[in-house]
Amino acid sequence: MSDTQWLRYEVFEKERPDLPHRNAGSVHAPDDEMALENARDVFVRRPNCLSLWVAPSNQIFTKTAEELAADSSWRAAPSRRSEVYLIFNKQGQRNAETFVSHVGEVEARSPQEALSKALEKFSRENVFVWWVCPAQAVTRSEDEDTESMFAPATSKMYRQPNFYKVVTEMQKLKREGEE
Amino acid sequence: MTYDEKLTAFEARIARGEKIEPGDWMPDEYRKQLIRMISQHGHSEIVGMLPEGKYITRAPNLRQKLVLLAKVQDEGGHGQYLYHAAETLGTTREEIVEALLTGKAKYSSVFNYPTLSWTDMGAIGWLVDGAAIMNQTMLAHCSYGPYSRAMVRICTEEGFHKKQGQEMVIRYAKGTPKQKAMVQDSINRWWWPSLMMFGPHDAVSPNSEQLIRWGIKTKTNDELRQEFVNEMVADLHAVDLSVPDPDLHFDEQTGNWISGEIDWDEFWRVVKGDGPCNKERLAARRKAHDDGLWVREAMAAYAQKTQRTTTA
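Protein chains in written order, with our numbering: chain A, 1 to 179; chain B, 1001 to 1312.
This is chain A alone, in the form it adopts within the complex (with noise of 0.2 Å):
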């Protein structure tokens, strides 16, 4: 079934302009446009995305802390030309919905040499994973996409549990019974 083996994208969401963009899952597409597409379909179903951002998986460069602390023979690497990264990490351990966030940049010749400069620039503490993609293999909704792309869901009332006022219904059953 060699017809459904697309390439695995990462998706990247933007919730609040507060809050950076944090790793919501994967999709699989065809190409850059399509997994927008579909990051939109599969992740954003309820109205809180700001922007998406999606990048093929096979560019990005992961370690867990597990991993820097068991090895260091990653860090040799051929160099390409240089050019900027993203450095997105994972921090804490509570349960939550997202899982890597994005926390700046670094310029470097190889995805190797991005994460040593990102370990020396970023804080290292309660970091659990690091994840570094290179700027130019990411495709981002534009800001003229958000009114078609996000903007819908906000009319859908019907997709959030509080539009069925079924507690409180269930509670004067309940005092009804008793009564």
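For the record, the hints were derived by calculation from the structure and aren't laboratory data. Keep in mind it's a predicted model, so treat the numbers as computed, not measured. Just so you know, not all the hints are guaranteed correct.
[What the hints assert, rightly or not] No more than 27 Å apart at the CA atoms, straight line, and that leaves these computed lysine-lysine pairs for DSS-like: (1) 1054/B - 1174/B; (2) 1106/B - 172/A; (3) 1006/B - 1032/B; (4) 1065/B - 1219/B; (5) 1180/B - 165/A; (6) 1272/B - 165/A; (7) 1054/B - 1279/B; (8) 172/A - 1178/B; (9) 172/A - 1287/B; (10) 1104/B - 174/A; (11) 1279/B - 1106/B; (12) 174/A - 1287/B; (13) 1065/B - 1174/B; (14) 1104/B - 1054/B; (15) 1032/B - 165/A; (16) 1054/B - 1178/B; (17) 1065/B - 165/A; (18) 1106/B - 1305/B; (19) 156/A - 1054/B; (20) 174/A - 1174/B; (21) 1065/B - 156/A; (22) 1219/B - 1272/B; (23) 1032/B - 1054/B.
Given the structure of chain A, go ahead and fit chain B onto it with the hints provided.
Just chain B now, kept in the frame of chain A:
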């Protein structure tokens, strides 16, 4: 480090409440159990679209149609979240889909029962999604990061699924005698399959002990089932509907509603492929996959033509 040292460190991380992430060391058995559980869970969401999807064109009004459409669309999305989580363990989307289409993979047996009336949409939302939420709320605390996060996302969305079902059941229960009889019939047919969703009794559940030790599950099948029975019996009685179980009784000592024995012969029959709709469900999935082939081919051809993609 030796295998035993790695295992000790791994179990200590779980005991500290840390999440295991892709890239971290994990025992093969942990990986294997998670791939099995997560892909089954994903298949349940995908196959779970079918019994309700049948009623999208039969909804009695536009509001109900919008609600049902949104719910079924969510289930499609939930399947995607779960397949994503399974892929982080090294399996591919291709392998996952193939296991479903060839009948090798299991999915929740509850979806092998037919939907026979409109009020089944209410019963499924309240009972089936209610049971699913109990299980998923527990799994949101799972030690494997990607599964836990998929569950957090799913649980926040499932609240809508359960409540729209509950709203419908209450409305019909308070309606005309004919409407009330209709919704009672739906409850009667979906009650036992919902209890079966929690799986075999703890004593005969081969995977439970290890799953709990590794923080994949934090409660047993019977514990979750009991929580569900306690909540549902009280609520169904409050809306003046009955539970189709002559042996159901309240135990003063424990404060639990004790249900009669589940028909385990039926349970295993349906699990092993001989339920009312097993063949129909698989045939529908295969047809959807085959019918979508030209779309996938067209998209791949267009992507290649425009060269906007990094080749896999």
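Results of checking the hints against the structure:
1. Restraint check for residue 1054/B and residue 1174/B: the C-alpha separation of about 25 Å stays at or below 27 Å, so the hint holds.
2. Simply put, residue 1106/B and residue 172/A have alpha-carbon atoms about 41 Å apart, too far for the 27 Å limit, and the pair is violated.
3. Note on residue 1006/B and residue 1032/B: the hinted pairing holds, with a Cα-Cα distance of about 17 Å set against a maximum of 27 Å.
4. For the hint pairing residue 1065/B with residue 1219/B, the CA-to-CA distance comes to about 36 Å; that exceeds 27 Å, so the pair is violated.
5. For the hint pairing residue 1180/B with residue 165/A, the CA-to-CA distance comes to about 20 Å; that is within 27 Å, so the pair holds.
6. A distance of roughly 40 Å separates the Cα atoms of residue 1272/B and residue 165/A; the hinted pair therefore is violated under the 27 Å criterion.
7. With a C-alpha separation of about 16 Å, the suggested pairing of residue 1054/B with residue 1279/B holds against the 27 Å cut-off.
8. Of the supplied pair hints, the one linking residue 172/A and residue 1178/B holds, its CA atoms being roughly 24 Å apart against a limit of 27 Å.
9. For the proposed pair residue 172/A and residue 1287/B, the alpha carbon gap of about 47 Å is over 27 Å, so the pair is violated.
10. Taking the CA atoms of residue 1104/B and residue 174/A, the gap is about 46 Å. The hint is violated against a cut of 27 Å.
11. Annotation: proposed proximity of residue 1279/B to residue 1106/B holds, straight-line Cα distance about 13 Å (limit 27 Å).
12. For the suggested pair residue 174/A and residue 1287/B, the alpha carbons sit about 47 Å apart, so the restraint of at most 27 Å is broken.
13. For the hint pairing residue 1065/B with residue 1174/B, the CA-to-CA distance comes to about 21 Å; that is within 27 Å, so the pair holds.
14. Only pairs whose Cα atoms come within 27 Å are accepted, and residue 1104/B paired with residue 1054/B is accepted, the gap being roughly 25 Å.
15. The suggested pairing of residue 1032/B with residue 165/A is violated, with an alpha-carbon distance near 42 Å, which exceeds 27 Å.
16. Between the alpha carbons of residue 1054/B and residue 1178/B the distance comes to roughly 23 Å, so the proposed pair stays at or under 27 Å and holds.
17. Of the pairs offered as hints, the one joining residue 1065/B and residue 165/A holds, with about 19 Å between alpha carbons and a cut-off of 27 Å not exceeded.
18. With a C-alpha separation of about 38 Å, the suggested pairing of residue 1106/B with residue 1305/B is violated against the 27 Å cut-off.
19. Distance check on the hinted pair: residue 156/A and residue 1054/B sit about 22 Å apart at the alpha-carbon level, within 27 Å; holds.
20. For the suggested pair residue 174/A and residue 1174/B, the alpha carbons sit about 14 Å apart, so the restraint of at most 27 Å is met.
21. This hinted pair checks out: residue 1065/B and residue 156/A have alpha carbons roughly 13 Å apart, not beyond 27 Å.
22. In summary, the hint linking residue 1219/B to residue 1272/B is supported, as the alpha carbons are separated by about 25 Å, within the 27 Å threshold.
23. For the suggested pair residue 1032/B and residue 1054/B, the alpha carbons sit about 34 Å apart, so the restraint of at most 27 Å is broken.
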